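**Student:** Sequence:
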Amino acid sequence: MVRTTFERILQQLHRRAPFRPFVVELLNGDRVEVDHPEALIVRARTAIFVAADGTPTWFDHESVNSLVANGQKKSKKAE
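Residues in the sequence shown are numbered consecutively from -2, following my numbering.
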């Protein structure tokens, strides 16, 4: 995914009020549901999501295929 697109959309989804869960689709096929805003840390163009069971998932624009909100794709892999 293009870095600027990733950063913009992730920020929009992470900061919307009220917060609503969204899904990060990774290039390897994994899907991560971000279910709480405090479970996601974004810094230096990298994000870390910590699931309720403590499992961390690291991702950045190079590992993300799309970001999905309310069943609709917000962005696809570009180029």
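Don't read these hints as lab results, they were simulated from the structure. Computed from a prediction, not measured in an experiment: that's the story for all the values here. One or more of the hints may lead you astray.
Stated by the list, open to error - FRET-style restraints, in silico, Cβ to Cβ: (1) 1 <-> 49: 28 to 36 Å; (2) 50 <-> -1: 18 to 26 Å; (3) 1 <-> 51: 30 to 38 Å.
Note that CB positions come from ideal geometry on N, CA and C, so glycine has one too.
**Student:** What are the numbers of the hints the structure violates, in ascending order?
**Tutor:** Result: hint 2 breaks, nothing else.
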